[in-house]
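Using the hints, put the two standalone chains together into the complex.
Keeping their order, the protein sequence lines are chains B and V. With the working numbering applied, the first sequence covers 37 to 363. With the working numbering applied, the second sequence covers 13 to 254.
A few of these clues could be false.
To be verified - Simulated crosslink set (EDC-like; lysine to aspartate or glutamate; CA at most 16 Å straight-line):
1) V:122 x B:289
2) V:140 x B:109
3) V:140 x B:289
4) V:117 x B:109
Unchecked claim - Below, a sample of chain V positions facing chain B; criterion: calculated Cβ distance under 8 Å:
5) 68
6) 81
7) 118
8) 121
Stated by the list, open to error - Chain B residues, not near chain V, derived (Cβ > 10 Å throughout):
9) 69
10) 161
11) 165
12) 237
13) 253
14) 273
15) 307
16) 316
17) 319
18) 320
19) 327
20) 328
I should point out that these hints are in silico values taken from the structure, not numbers from a laboratory. Quick caveat: nothing in here was measured; it's all calculated off a predicted structure. Cβ coordinates follow ideal geometry from the N, Cα and C atoms, glycine included.
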Amino acid sequence: MHPAFSVIFLTTLIGLGQGLFLAIYTAQVYSVVELIPMTQGDDRIFYGVGSLIALVLLGMGLIASLFHLGHPERAWRSVTQWRTSWLSREVIALPLFMGSLFLYGLFHFMGWNPVLITVGEGFAIDLTLLMGAITTLLAFTLFLCTAMIYASIRFLQEWASPLTVLNFILLGGASGFTLATLFTYYAAPELVNFIGGWAMVLTVMALLSRGASLIRNRLLRPKSTPQTAIGVRHSTIRQMAQGAMGGSFNTREYFHGKPQLLVKWVKWTFILFVFPLPILFLALGISGPFDTLFMAALAVQYLGLIAERWYFFAEANHPQNIYYQVA
Amino acid sequence: MTQLALVIDLNVCVGCSGCVTSCKEWNSSGEAGPMPDQNPYRAEPTGTFFNRMQTYEIGTFPNTDTLHFPKSCMHCAEPPCVPVCPTGASYKREEDGIVLVDYDKCIGCKYCSWACPYGAREFDEQSKVMKKCTLCVDRIYDLSLPEAERQPACVISCPTSARLFGDVEDPDSEVSVKIREEGGYPLMAEWGAQPSNHYLPRRKTHIRVREEELVRADNPLKRENFTKPSKDDQSLDDIMSW
Ligand code: SF4
Ligand code: SF4
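Isolated chain V (complex conformation) (with noise of 0.2 Å):
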């Protein structure tokens, strides 16, 4: 089985919203587009979206931390928003998981969207129909493209390449690699999606250095006494090198 997904590392991501822009640039003109807005140029600019940056602050300040958050479809291996379709409009591919809504089927009913957990699927007011992420299904397997850019947009343009595009399901893969390796986690696991896509946590890096490391006892700069040897002393070299 092969279930495609991003792995988003939090601890990466500097939240410049290159994904939600090369997103909506490769979708407006890919075979998942239109992606239309309203208002775009004046007051309460309003659109359609596959792929949103948003911002948290954790803590109180001063001591707060900063988390930016792109979210998008997590591609779940059990979407509840699939079942509910009275259409059959949306569907998952068996063959890599990617759940997708056929805009020729779509009644735009919505329901769909209230049966995502994560406010992943937005409602294209101009088309009527109900769009989501498709994790650029047809960039992916676009052989006309070179095998290094046969990716999802978000994933090429990301420049702190906090995005990574992979099969979940193979153990061996990078993204899989990365979910066990240094703690990848779903988000609201409580309501059973199995959402594919996995978060990297912010990750602080500290050293540890001892009281007894700074201050050792064996010091040679401590001992007493201590003269700095003249130049005609003999030096370690001078024992060492015959």
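Here chain B stands alone, though its shape is the one from the complex (with noise of 0.2 Å):
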């Protein structure tokens, strides 16, 4: 498929932004049961900026989206078919979840949080745990409905695996928790191990998971070959005219355009980026800590996440591209 780049910042936007609330909420959580102390520093500034960024990686996002559609302004057509449409799941889901997020940080803020009720001894539910508890519901349901968007196209083959809603999760949650890390560096210093080391396991998980794609991917049989394709029982067949003499929409939407060196580039750039460059960054950096090195785990990550869903769709091979062998 070819890789269209308003796609390619959206989900990767959005992945980051969704990483960066789960990390804040999973601070709140591990606080509020005490197995890490709670944040000494101002929770408005830790909770409030935490969500706040979260909230303009979102909005950027879903600006790189519209630059997808031929009509923007008909956009909001888009929610009427959530009873089929992934896409359409993903259009509500995305909103809500940036609302929820918006009340999330608010409450915080504002330091609106009364305890609604206690469980056993002295364990208070507040307001915003349940607001985050929401959230989180809201952020895993945007991340189920961006991958299956690509998952539940079966016949692309790559895209059709549990697979992709796993990577989808860890790649966007393992980014998140890396800005987390750096966020964390300035607003609660003491929580820089916590999050540090969340967002390296995370990023371990990410690679066991796309790695498995990967293979599974180079595995794969493509179902339909030019034989089931025109229905002619012959080994050799071979394309002399596919109906355009400049290309068509089905030679360039279809297929990345780029030679095969330059993807084998892009995903090893991936891989490097993505999973060793920021473990060992965030590694140095806790040891410190240091900011500049948190920082440069989080470039790196982001910039290899480009390439990483750029080549998510270079790979992908529609079968249509068998009626366009000699694009």
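This is the structure we're talking about:
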């Protein structure tokens, strides 16, 4: 498939935003059950500003997505088919998540945090904890919707796998936690080890899952062949004409149009940039802690994710390409 | 239930692209238009088409066969392109099974084109909406046309009558009989889209003559000491015509 930068930015930016929120909320949950100390700094900054950064990233993703549309002014129509279309579900889930995240950040920032119920020995469920739980649910819903847009097209065999969903969650989570590590360095330094540790764990898990899908896709056998495409049983079928001289939508939308060498290069770039380098930078950064190393980890991982998403598209081979072999 | 569709006889198609041109002509001015082109008269011409003619070479020289292969939307019975559309712009008509795009609703997200295994949908770079074959829905019901012309433009224009149009759900329709009796098949059946358009395969006509049919044991010409009868001899007619 042709990698569209609007979609690359959309999926990587919202993944980053979702991951950042999940990191912040993880810190809150852990501190509520007292697995980690309460943040000593200003909670309003940590949760409020953290949510705001996540919101900005999601907003940027939303804007990027509009560039993908031929008629962005009609985008509101795309909420109507949620019964059948994962794209429609994503269009609903994204603003819902953003709204919920906004409230979560606002409640923290304004300090509106009444205890709703107390469970057992002084374990209080307050408003922000509840709001965070709802937002977490929506964050995972959004991950699911985004990934299912790709995973639900059964004949794009490279995408049609539960691994696609897992990859979106883990890659978004890993990059979000890396960003959160940098953020906690400024907003709640006592949490750097905790969040940074999780960022590394998630990056390793993302490596396992993305690695698994790379191997899976290598071993894939295309179900469609020139024989099934035109219905002629002969082992030698050569296309002589494809119905267009200067190319067509079919030769542009479904091919990456780049030399194989570049595709390979992008693959190894993302494998290096998304996984080992950030882990290295995070580990060294935590030992300091050094904020420049956290910045480097974030920059390298985000660049890597852009390459990863580019490769994700380039790797997918649409069955219609059989009809355009000379493209 | 009705499912209108095309049946394309690959044995008859000569690859003249008449269907491609007449489709473009009709639909440029019809309800489904326009079908804009970019760079039509310069290098790298490109544009929107609902139907494309492709050519394949089967086998290795000198044992090759040329296959001309027109491809347009299959108006699938289970179209994977329809449920993915977020706006409802893509839909399948209940009454005749035609799959259409509502250009006023389409946001041009191109998701449906990813979800068509056949590459039958083409994005119109000028109107910024998705376009595809309409089976000439604006012709086939037009009562102001003579009945014989209430057919898709490609079907009427085909000089070899390689394209047939009709209801593939009606077992007695011309198209159904053709599919049943002449080995009609759908493309890429493996994806379960149940395409309604069918293709009739290339059929080679062979005359089966056995050796003993050529040299018959009782062939009178092979009789020994056969002499040509003279004109005065009795002929078969002389005996038979009494
Ligand atoms: S051929 Fe493609 S565009 Fe046409 S109905 Fe089938 S899936 Fe949809
Ligand atoms: S391009 Fe138009 S018809 Fe296709 S899925 Fe998007 S909105 Fe629907």
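For this session: Hey, is residue 320 of chain B genuinely clear of chain V, shortest beta carbon separation above 10 Å?
Result: The claim holds: residue 320 of chain B sits with its nearest Cβ about 42 Å from chain V, beyond 10 Å.
Problem set entry | Assertion that residue 328 of chain B lies farther than 10 Å from chain V (Cβ) | Residue 328 of chain B clear of chain V: closest Cβ-Cβ about 40 Å, beyond 10 Å.
Problem set entry | Claimed clearance of chain V by residue 69 of chain B, with the beta carbon kept past 10 Å | holds, 40 Å
Problem set entry | Pairwise hint evaluation, residue 289 of chain B against residue 122 of chain V, where the allowed Cα distance is 16 Å at most | Roughly 9 Å separates the two Cα atoms, so the pair holds.
For this session: Mind verifying the non-interface call on residue 316 of chain B? Its CB should be farther than 10 Å from each CB in chain V.
Result: Non-interface label stands for residue 316 of chain B: nearest chain V Cβ at 37 Å, farther than 10 Å.
Exercise. Is the Cβ of residue 327 of chain B more than 10 Å away from each Cβ in chain V?
Worked result: holds, 40 Å
Exercise. Per the CB criterion, is residue 81 of chain V less than 8 Å away from chain B?
Worked result: holds, 6 Å
Exercise. Does the CB of residue 121 of chain V sit less than 8 Å away from some CB of chain B?
Worked result: Since the shortest Cβ distance to chain B is 6 Å, the answer is holds.
Problem set entry | Non-interface label on residue 273 of chain B, tested against every C-beta of chain V at 10 Å | Violated, since 5 Å does not exceed 10 Å.
For this session: Mind verifying the non-interface call on residue 253 of chain B? Its CB should be farther than 10 Å from each CB in chain V.
Result: Non-interface label on residue 253 of chain B holds, nearest chain V Cβ at 17 Å vs cutoff 10 Å.
Exercise. Is the Cβ of residue 319 of chain B more than 10 Å away from each Cβ in chain V?
Worked result: holds, 40 Å
Problem set entry | Claimed clearance of chain V by residue 161 of chain B, with the beta carbon kept past 10 Å | At about 37 Å from chain V, residue 161 of chain B clears the 10 Å cut-off, so the statement holds.
Of the hints listed earlier, the one the structure fails to meet is number 14.
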